[in-house]
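Chains as they are written, first to last, in the numbering used here: chain A, 1 to 309; chain B, 310 to 637; chain C, 638 to 1146; chain D, 1147 to 1486.
A hint or two may mislead.
As the list claims (entries may be wrong) - Some, not all, of what chain A presents toward chain B, calculated at C-beta under 10 Å:
no., residue
1, GLN15
2, GLN44
3, GLY45
4, TRP46
5, GLY138
6, ARG164
7, LYS168
8, THR180
9, ASN183
10, LEU209
11, GLU229
12, ASN280
13, ASP299
14, ARG303
Treat the hints as calculated values from the structure; they're not laboratory data.
The model shown is predicted, which means the values in this text are computed figures rather than measured ones.
By construction, the Cβ of each residue, glycine as well, lies at the ideal position given by its N, Cα and C atoms.
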Amino acid sequence: QDGSGRTYVYASQLQGHPYLLDSLLGMDYAQKQFGVTVERIGPQGWDPVAGAEAVEQAIARKPAGIITTLWEPGAVPGIRRAMEQGIPVVVIEAVTPDDGGALTFIGLDNYAAGVDTAKELIERGGKSGSYVASGNWGASNTDAKFKGLTEYLEANSDWKLAGRIDDKATTSTAIDAAKTMFNTYPDINAVIGLDSSSGTGICLAAEELEKDIADLTVIVHDREDPVLECIQDGVIDASIVNKTALQAFMAVQMLEAYNDQKIGLANVPISADNKAAGVNPFPAQIYMGTEVIDGDNVDQFTRANLPKY
Amino acid sequence: MTQRLDDTPARKHKPLLAGNGFGSNILALALVTLAIFAFLALTRQNFATWQNLNSILFGVSIDFLAIVGFTYVMVMREIDLSVGSVFAFTGTLTGALLVGGWGFWPAAGVALLAAAAIGFVNGFLVVRFNINSLMLTIGSMLLVRGLSNVLANDLGGQTYPRAFRSLARTNLFDIRITIVVMIVLVLLAWGFQRRAALYRKMCFIGENVKSATVHGIQVGTIKILAFVASAMTAGVAGIFTASRITHADVRMGLGLEFVMVTAAIIGGASLYGGRGDLRGSALGLLLLALVLNGMIMYDIEPVFQQFVIGALLIATVAFDTVLNRRGQ
Amino acid sequence: MSVAGTLPHAQTSSVAAQPILSLSRVSKSYGAVQALREVGFDVARGEVHAILGENGAGKSTTLKIIHGEIEPDEGEIRLSGRVTSASDRAEGDIAMVHQELAVFANMSVAENIFVGRMPRRGGRIDFARMHRRAAELLELFGVQVDTREILGQLTPGQQQIVEILRAVESDASLLILDEPTSGLNNREAETLMALIKRLRESGHTILYVSHRLPEVLEIADDITVLRDGQFVETLRNEGLSEDDLIRRMVGRDLGPVAVSDLSSVAAAPVALAVKGMSLSGAFEDVTIDVRKGEIVGVFGLEGSGAEPFSQALFGIVPPTSGSLSLLGKPVRDVSPAGLMRRGLGYLNGNRKEAGLYMDRTIADNVSAPVLDRFSRLGLVDAGKVDELARTDIRRFAIRVPGPEGRPRELSGGNQQKVAISACLANAPEVIVLNEPTRGVDVGAKAELHDVVRNEAAAGKALLVFSSDLPELLRLVHRIVVMRSRRVAGEVGGADMTEAAVMALAAGNR
Amino acid sequence: MSSIRKTSFLRSARLEQETLTFTVVILLALVLTSISPAFLDPNNLASLQTAVAPNLIVALGMMTLFMIGRFDLSVGAVMGISGIASAMALDAGMPVPVAFATGIMTGAAIGAFNGLLVAYLGINHLIVTLGVLYMTRGVIEVVMSGQQLGGFTSFPEGFSMLGQWGFGGLSGIFLFSLILCIGFEGFMRLTLPGRKLLFLGGNPVAAEAMGIARRRTEFWCFVLSGGLAALAGVLMTARVGMANRYMGDGLEMQIFIACLIGGGSIAGGKGSYVGALAGVLFVTLLTNAFNLLLVPSEWQAVVIGAVLVLVLVADGIMVLRKRGRPWRNILGLWPSRLAT
Ligand SMILES: Nc1ncnc2c1ncn2[C@@H]1O[C@H](COP(=O)(O)OP(=O)(O)OP(=O)(O)O)[C@@H](O)[C@H]1O
Ligand SMILES: Nc1ncnc2c1ncn2[C@@H]1O[C@H](COP(=O)(O)OP(=O)(O)OP(=O)(O)O)[C@@H](O)[C@H]1O
Ligand SMILES: [Mg+2]
Ligand SMILES: [Mg+2]
């Protein structure tokens, strides 16, 4: 607990989104471990403008560092401004091509996550069959995951895409879409859910249809509570999850390492003087890789069993 | 003259579904919906299955619950844009109370009372200070959405008790109860709009509120009741949806108000009041559901959906306006 | 007032002898109704020419035709000898003040006077000049308001003045004023007279319509009388009396016609008792009793408080104090619904604004007030509704195909009959009628008068508000006159004359 | 002449509500200054400017429509698609001015479509602009579905400058939006065409009788609204340096609310551009307060909603009073009861 007492700001939109709850959990853990404070500002829901404002106004608080997200580029000017003023910025979870010169991106390689999904599908559902993909189409992460998934399946299997359904990242929409999907493609062999609401939608749709999809291979993403329940019930075979808590923890850790002269990440001898040489001592990206939740380990992931800080 | 009067038929050429000049003529809409249905049924073998139709109806039946009060508010030349928020708030509140260990009925009861209170405030302010309801309910929409997000945040993604989920799945003669309710309500609405004094009063209010006043119709009371009804029906729908999605979702009911407007307008309601028909609103929702279902069945790029809905809305109203100049 | 020279000068033409305006054989019919039949008369340049006639005689129609707003069916209109089309005149050098207010409550007084013609310097409006000019014009009337005030804040009378000034400012050589004084109090009316005289001196020609005979006799050079849409004659205003004019307007001598004498009702119980009723800012301390079988008229010029009183009486804007009792029972809840349940009936003054549903069937219209009575368990008995509609159509001789007809397709007079049917549908014991024959032609008018008398004969108590004094004189037993928000007095029986009423209403003339 | 009661400037200029909002804004600013050192920090001020600028530009168009009794729900979507349009033009290698014009034209064209349907076909403006909102969003999705995350990126320097220039602590687009606002205010108050907007909104029938062309005016107001939304969209695209599908998402409601709080009314005949400024400032400062004071942002919507309701109730009461309704009739428990 004898930490630096530095203050960091987590400025981002979607502060209230369940998907990011373990991000927050990771931050709480980091606060405890490093004895730092992480202030959280930004809108509850999806609001790019307010998200961008949050980053820019975070700078005014003169924090030791800023952690943010880039689902869309609104915050890029803010990040650029912060870096210009020597406030280190770390992007987590999602990043745009131009990251405004942030020190690093810590999070998921969505393309790779898609590939992992494909591997999981092949391992659990065999090398061939037809499948449907549910996602929040148009959203970058869905698109990238889908790319990884399809390209890997193309190259390594005979899985055929029967169709796509749009869940608009809204549970009730996801349920209705998934029901239509089950009705439209009665004889598919697998369902893939790429968005955090997809899994809930697919599972609840099956429940509502009183359709036994145990023989279907259902691979989804993320760990909304309903999804975990569905894994416990054996409706969903597996969920591919990002190590969200870790990305948040590492964001704080990296910033501490950068600020704390005793650790001295800033001065790793890449050059005589990194600052002068304009060397960024951080790795460009830090990918979390994915974990697989299935019936065997699901209990370790349920919120109830997670520690609080 | 007397002679001529007596042999004029009581009602000349009354359209089949039109009721007696009240409600609106939903025949055209019914035919369009039927046509789309037939088209899908003929071209997609998986469309006309019991499973699929049941799913479509179930989805529609829940939104339908929310549009009941909304439609009759529109009949009176008012509008309630807070339905989406009230829908989310009531559902989330019920869930939160259940998570807090309450029994279902107390929880749902309290949530519905809260909804009724919101509706009452909307109606009361509109009537007493004659505030434009479009502007006012944008305010309450924001306010209530905020409250509902506060709740959702507290819950932090927790799932509601399993028992609660069975609510939406309750069956009556092995049909989802909401579907049964919808059918019953549509039949009731039919009678209500044909015969009920209350509905006629609503139409008169919508047609010319000053005339209604000098004819001794209790404009204020009826309007307030309608707003309360609008909030409560939205609330009921919200509770069913909450039971369906099993956990607090911040995006619940987002933009629902505009889906409602679209459906109601397609269903024959008018922003200029005096018209509006629950049967039509139901058909409107069904039409939208069929279109979406069809687009999935045809595996059409999902992102086209919004475009189609928008075009549908404008086309309908343009058609209606140009036909019987109900413009300014 | 030191405003000589502030008035614009019309360019006087060389041929002063030639009439500036001459109508010949002008006819106009609105569907069933012949509003004007072969009307023809001349208006001499630089004079004040009054047009007199009963309501519905065709005055406004004539003026609108001259102003070029509506095409006549036949006939020609010459300006300074030149035959003109409606569009010529609309473009031309004619300004008109309409009977109905057409003002912008959200704009300043000055802007209302200048609307489209604000003085400009460069691209911008020259506000200094506009307000200076507006102030001068208001000063003519001694209207004590800032020209920057929002018009909505002014009294109806002041608003009317602003509209008059709009026409004056337009500096047209032919000025048309359709009942400009209806909204004015005495002083304002006098000022208008003075202004009109000065306009005449400065070479303008004024066409003037008013129901106030004294002021017509005061300012008019020539007086044209219309009756039932026909030209009666044009008189030189020399040694004429009001009676001369009335006789020509009405075409017959008026006594209180067919009115049962007061003695019969004197004994009858009081059906409507209003005591010391006030609505702050609108009217004060009004006390009126109406007995069963009695027809009481309420007359007041615009701004007298008569109109708000009639509305307060029915709870449209509930009164702030006073007491009200119907059929001997005191009433506390002064709301339209509550009062109707206790047997009060109300006819609104403007049927288009309130009283009709233009796009609903006659059956719907007449049944609207009695839906509850016609329903069991909240369900309407369509048979009864249809029956009511048919009986009303017969009873009031409404010219309409059947119960399915809609007011929008009806003539004004028939619309009025529908509105009255709705008002009487509930068989009220006490009936408040506002302008019962507004915009109704002579034939329909007589029918409606009979309806009123029959109700009275049937022992109902009626309170009739009308701006149409001749009508009141013919219709009612006695007239309560309101002036400046209070009851100014009451006339009845023999001394119920236009002059007596006007004296009370306009304040000693 | 005897003395005439002077009308207060605020009343004759119809700036009562605007003044109130401005006062609240200033109070809010003072409070923030005193309790949060970060408020006056250049970064915060910069952020406020860039937050206000686009919303103000869009609000100018919305307020113009409010004045004539109309509104436009499609502004957010128009903002988005215009940014994308200019980005695509750049992508296709067109010079900056052409790309800029392309964006504006796109918006103006959509505005013209709205205007056509509302003014000339007489279709209700809520329906039209709502439908156009859906359709435009749909088009955006279709156009962008091929695109990488963040949509179009890497614009020529000249284009980015459009959104990024400025001097001292002042952001260029903020200054620009202010000047625009003042320009519009001047137009509305000082020129005849400007006043005609208010005549039209105040009494359409009489206005038409006085020879004011209702339909044409309405049409051009919608074109203006579309064009301004487009302008904001292009500038924001230039500032962020990327055109993406989320720009202007849900903006219409924020603008709508800002205009209402700033003294506009969808009834027409009322409102001013400084009012739009006041409204936008209020909403922006409120967001800022939540960020600076670390108040959980879910309460923000509650506050704004409550403020809006209060504003409307206050306005409603004022109107009733002006119509001469006695207090007990407005606020009384039983307005229709006769006191005995
Ligand atoms: N727009 C109209 N449509 C149908 N009939 C009309 C219309 N305007 C006037 N009339 C009819 O034409 C006749 C003359 O109307 P007009 O308004 O000229 O009378 P007026 O002399 O002005 O009456 P008042 O003294 O009440 O103003 C009336 O019978 C009226 O009902
Ligand atoms: N909008 C309309 N659609 C169809 N018919 C109409 C319409 N307006 C008037 N009419 C017909 O023309 C006839 C005359 O109507 P109009 O209103 O012009 O006369 P009016 O002067 O108002 O009659 P009144 O003297 O009774 O007020 C009516 O009997 C009606 O049948
Ligand atoms: Mg007239
Ligand atoms: Mg008429």
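Hint check results:
{"no.": "1", "hint": "GLN15", "result": "holds (8 Å)"}
{"no.": "2", "hint": "GLN44", "result": "holds (5 Å)"}
{"no.": "3", "hint": "GLY45", "result": "holds (5 Å)"}
{"no.": "4", "hint": "TRP46", "result": "holds (8 Å)"}
{"no.": "5", "hint": "GLY138", "result": "holds (6 Å)"}
{"no.": "6", "hint": "ARG164", "result": "holds (6 Å)"}
{"no.": "7", "hint": "LYS168", "result": "holds (8 Å)"}
{"no.": "8", "hint": "THR180", "result": "holds (5 Å)"}
{"no.": "9", "hint": "ASN183", "result": "holds (4 Å)"}
{"no.": "10", "hint": "LEU209", "result": "holds (6 Å)"}
{"no.": "11", "hint": "GLU229", "result": "holds (6 Å)"}
{"no.": "12", "hint": "ASN280", "result": "violated (35 Å)"}
{"no.": "13", "hint": "ASP299", "result": "violated (15 Å)"}
{"no.": "14", "hint": "ARG303", "result": "holds (7 Å)"}
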